[in-house]
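Asker: So you can see what is in the structure, the chains are spelled out below.
Protein chains: 6
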Amino acid sequence: MPDVPISRFPVPAIEDVPEDIRARIFQVQEKAGFVPNVFLVLARRPDEFRAFFAYHDALMLKEGGLSKAEREMIVVATSAANQCLYCVVAHGALLRIYDKDPLIADQLAVNHRKADLSPRRRAMLDFAMKVSLHSGEIEDADFARLRDHGFTDEDAWDIAAIAAFFAMSNRLANMASQRPNAEFYLMGRVPRT
Amino acid sequence: MPDVPISRFPVPAIEDVPEDIRARIFQVQEKAGFVPNVFLVLARRPDEFRAFFAYHDALMLKEGGLSKAEREMIVVATSAANQCLYCVVAHGALLRIYDKDPLIADQLAVNHRKADLSPRRRAMLDFAMKVSLHSGEIEDADFARLRDHGFTDEDAWDIAAIAAFFAMSNRLANMASQRPNAEFYLMGRVPRT
Amino acid sequence: MPDVPISRFPVPAIEDVPEDIRARIFQVQEKAGFVPNVFLVLARRPDEFRAFFAYHDALMLKEGGLSKAEREMIVVATSAANQCLYCVVAHGALLRIYDKDPLIADQLAVNHRKADLSPRRRAMLDFAMKVSLHSGEIEDADFARLRDHGFTDEDAWDIAAIAAFFAMSNRLANMASQRPNAEFYLMGRVPRT
Amino acid sequence: MPDVPISRFPVPAIEDVPEDIRARIFQVQEKAGFVPNVFLVLARRPDEFRAFFAYHDALMLKEGGLSKAEREMIVVATSAANQCLYCVVAHGALLRIYDKDPLIADQLAVNHRKADLSPRRRAMLDFAMKVSLHSGEIEDADFARLRDHGFTDEDAWDIAAIAAFFAMSNRLANMASQRPNAEFYLMGRVPRT
Amino acid sequence: MPDVPISRFPVPAIEDVPEDIRARIFQVQEKAGFVPNVFLVLARRPDEFRAFFAYHDALMLKEGGLSKAEREMIVVATSAANQCLYCVVAHGALLRIYDKDPLIADQLAVNHRKADLSPRRRAMLDFAMKVSLHSGEIEDADFARLRDHGFTDEDAWDIAAIAAFFAMSNRLANMASQRPNAEFYLMGRVPRT
Amino acid sequence: MPDVPISRFPVPAIEDVPEDIRARIFQVQEKAGFVPNVFLVLARRPDEFRAFFAYHDALMLKEGGLSKAEREMIVVATSAANQCLYCVVAHGALLRIYDKDPLIADQLAVNHRKADLSPRRRAMLDFAMKVSLHSGEIEDADFARLRDHGFTDEDAWDIAAIAAFFAMSNRLANMASQRPNAEFYLMGRVPRT
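Chains as they are written, first to last, in the numbering used here: chain A, 36 to 228; chain B, 36 to 228; chain C, 36 to 228; chain D, 36 to 228; chain E, 36 to 228; chain F, 36 to 228.
Hints may be right or wrong, so weigh each one.
Since the list gives no way to pick out one identical chain from another, each pair is judged satisfied if it fits inside one copy or across any two copies.
[Unchecked claim] Restricting the straight-line Cα-Cα distance to at most 20 Å, the calculated cross-link-like pairs of lysine to any residue (SDA-like) are:
{"#": "1", "residue 1": "K103", "residue 2": "A179"}
{"#": "2", "residue 1": "K66", "residue 2": "G100"}
{"#": "3", "residue 1": "K165", "residue 2": "F186"}
{"#": "4", "residue 1": "K66", "residue 2": "P45"}
{"#": "5", "residue 1": "K97", "residue 2": "P53"}
{"#": "6", "residue 1": "K66", "residue 2": "Y220"}
{"#": "7", "residue 1": "K135", "residue 2": "Y220"}
{"#": "8", "residue 1": "K97", "residue 2": "R80"}
{"#": "9", "residue 1": "K103", "residue 2": "P47"}
{"#": "10", "residue 1": "K97", "residue 2": "V52"}
{"#": "11", "residue 1": "K135", "residue 2": "A67"}
It is worth saying that the hints were derived from the structure and are not from the lab. All figures in this text were calculated on a predicted structure; none of them were measured in a lab.
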């Protein structure tokens, strides 16, 4: 489907993009083999691009008590609740790769209660879903339940901050009709041999 | 109520905060006369602090088709829908000051349909509320209605991006039980003489 | 904003209003210094006016286990949930005055879970919100929780009756687009010296 | 089922009830052949009883553009939406009698869109349901639609005020677990010969 | 109201209906004294008719731990939640007859929490309502609660399967605007002598 | 994950299953190369098994105005709304195969408004979603919109009946925690060469 635009908004030509942003785009292209559309869609707003990815990296690449796969689980489950096609498909691909599990992303996208999850991960996602959907009702008991499963309060912040960041990202992508790259759909589904 | 903590999480001592963040805190203190609690609550996570305020400034301080008061209107109306006490109270204060209207913030916090708004601003807030609450249902017709009221597509992006950013901010503040400074409640209510 | 009507419906001239209603209006004016718009908006229906205020007085002025401030807390929190601008603003003013707390009304209008409340008052408002929003689900356990916080069953009736009365009042005010007087917004915010 | 109490709260003995309330109870008993439980349940609060029935009579017995059957239609449809057993059953009986239609009450209690209604009555109930369930969203267009069906603005007030009064009544009855008299269930179902 | 059609879709003439379906229709007519409209509405799709009633009979006529009345209770309560007029009225009639209780159907149609139910039947209906309205949230704890009330896991399947079958039936009847026969409304209300 | 059970309920040994059901199971196994778990989960209730698949076949295998791919689209979109993991994954596989499109199922599972759909298919799914989620609000206008897109009223019945049948199927699968076979996740994603 090569003629479907990747966004409701015009996408800048790569040569019109500021140097630092172009560098980041080339870097991700080299690593992934293609440019995820979010980089192209946001490039039209350089300051927002820079802040978005600085925030993303601060949450998704930092050290901490959550594994990379667990962070992507939060993204997939909450993005599905927000009906964000881009984030479910793109981060579902990352989740399959990080967790080395070809099934988990589709499970989380439909119903995290039916996914193959340890009790710890189930508690993590219950908290993330509450932050995403009913943050005004968060209470001490929600933190206590996380502690029962071995999460520290720093982990709780991480879970909530990821859910919150993608609450923003989901709304931007839905507003812009940001289209996931076709490559994402298949990534991590077939074991590499 | 001096003994109510400003966050569910510990707040760093100002001398333990990185230099650039401390400078920003002193700067806002000088301008406002006090330090809004969001700066203290987020300071414990320097990278997230920097990204948060870079994003905030990119959306709220930039040039564009929306006035400063209009941007704050989006914040107040969507933050009320998300039941975020900090954002409603703090940005309500800014809105009263920018719009020179002591009533508008309280009106928007209860029901934007009953506020004293021009048709243009009503359309702006209807769009912002849809981005905040039902972003998966955004359609071409929503953009068309904005255009009918004189908004460009760049304005539409701005409206949506502000609503999206505060969707994140609301969830963080609710999670952290971030307390608004007492000063905000009264700001802009009494005409300065 | 002197030219915005106080109701979607015509308001009778004070000289056309029945004697007893006019007396009540003059009485409140003398006490408050202005005539709250609800008196003018309802005056066009004298029988309804009389029943409305008789009911109001029976619930809000009676002796009982709830303080005046607590009754107004119920009004503010449930009226915010019903998006009733008039009741939030007018009763927010009364709450600030009765509770001698300039912040509590704004807190309750956004999220009663984040307000500065004793556990007793939190339980009172949880019950009031359930009556207002999900009365069909009220069960024995709801009354038991009130008793745990020292409320009698008569107090429970009072809480519920106030929430129920303002469920009506909110709907009337929303239907009539009843506008709060500008005076209410500032009342009780600045300590009298 | 003679041993199921008619309310969660104690019901006063008839001889302990104030004279005027007792008179009203005897009057309704003489007319109906039994005492509807709402009179007994509310009698424990004489001032609230008097205000409740004064308001009820002002809305339900007054002259106006709505027939008695139409007023009861509003009660039945909105009370079903609020899951109030007492009001659906008791006012369903009155509706069957006033409308001389044994089916209409059950239809409205399940789904007013599937009931045998003229377009005028359908518009009346759509407005009443919006007042009952989403009053914060009432707009000029809602009044315009009523006018298209021949309703005056006074009729609109009547429709809304009945929906609002029973929003209160439903919450009181649900809170008190007010039980409908067994007699109501069958009234108006069998043509009198 | 003889001129209101029984369905939004054309109903086949009885002589055009396949032999086996006609036989079933005559059989139910002989037993009930009239032909419930569901048989006529579905007859236009013979294969669907046969599967529908085979499924219905497998769930409603089989042996098992649930009485006939209890099965109809599930139908009435869940169909009311789905606003299906046909199923509430037709199965309400069956429930009154099987349970020899003229009141229970109307109670369940408004609010199963306020109906005259044993704790066992209340637990049964809580489970059925969850299957009907929030099946994605069903957890082990829901089955445990049923066991506490003496239900086997086979009973749990029966409760859920009936709720699920009528989730389908409700949607079909709502789509087709399937009209309940007038006879159902009165059945089982007057004790036969 | 070989040790996760395929259902919350025990699954019968294949040799204990009635002859006709065993035949159907062998038949599907021969065609698909594996036995979809729904056949094993339902086999414990032979009468329900037979009715379920008779109904399924009457809707999904019949001639008519909807293509096989379109029928599966209805299943995937409505099953996602009901959070049914089995149906989304199993019918997503069929949809990819029938539509020869490796992306469409994941798109529909997240947000049918963002999927690559013709206006005709979008209208079909809007109708199916309304039947699935708000069937009590179906009106003549919904059928008119389908006709505008070239659907006959027989097509409308088909769309609604498929949505209704899977409303049942989703609830059964959620109740039983019916697990999709791992094979489904990858089917139709890689072009066969």
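Asker: Against this structure, judge whether each hint is valid.
Answerer: Evaluated hints:
1. Taking identical chains as interchangeable, the C-alpha atoms of K103 and A179 are never at most 20 Å apart, the minima being 23 Å within one chain and 35 Å between chains.
2. Neither within a single protomer nor between protomers do K66 and G100 lie at most 20 Å apart by alpha-carbon distance, with minima of 26 Å and 38 Å respectively.
3. Taking identical chains as interchangeable, the C-alpha atoms of K165 and F186 lie at most 20 Å apart only when both belong to the same chain, with a minimum of 16 Å there against 31 Å between chains.
4. Within a single copy, K66 and P45 get their C-alpha atoms no closer than 25 Å, and across copies no closer than 38 Å, so neither meets the 20 Å cut-off.
5. With identical chains, the CA atoms of K97 and P53 are at most 20 Å apart between copies only, with a shortest distance of 18 Å across copies and 26 Å within one.
6. With identical chains, the CA atoms of K66 and Y220 are at most 20 Å apart within one copy only, with a shortest distance of 17 Å there and 26 Å across copies.
7. Taking CA atoms no more than 20 Å apart as the test, K135 paired with Y220 passes in both settings, with 15 Å inside one copy and 15 Å between copies.
8. For the identical chains of this complex, K97 and R80 are inter-copy neighbours only, at 11 Å across copies versus 25 Å inside a copy, given an alpha-carbon limit of 20 Å.
9. Proximity of K103 and P47 under a CA criterion of 20 Å is satisfied in neither setting, with 31 Å inside one chain copy and 27 Å between copies.
10. Only between protomers do K97 and V52 lie at most 20 Å apart by alpha-carbon distance; the minimum there is 19 Å, versus 27 Å within a single protomer.
11. Taking the closest pair of Cα atoms, K135 and A67 come within 20 Å of each other only inside a single copy of the chain (17 Å); across copies the shortest separation is 26 Å, beyond that limit.
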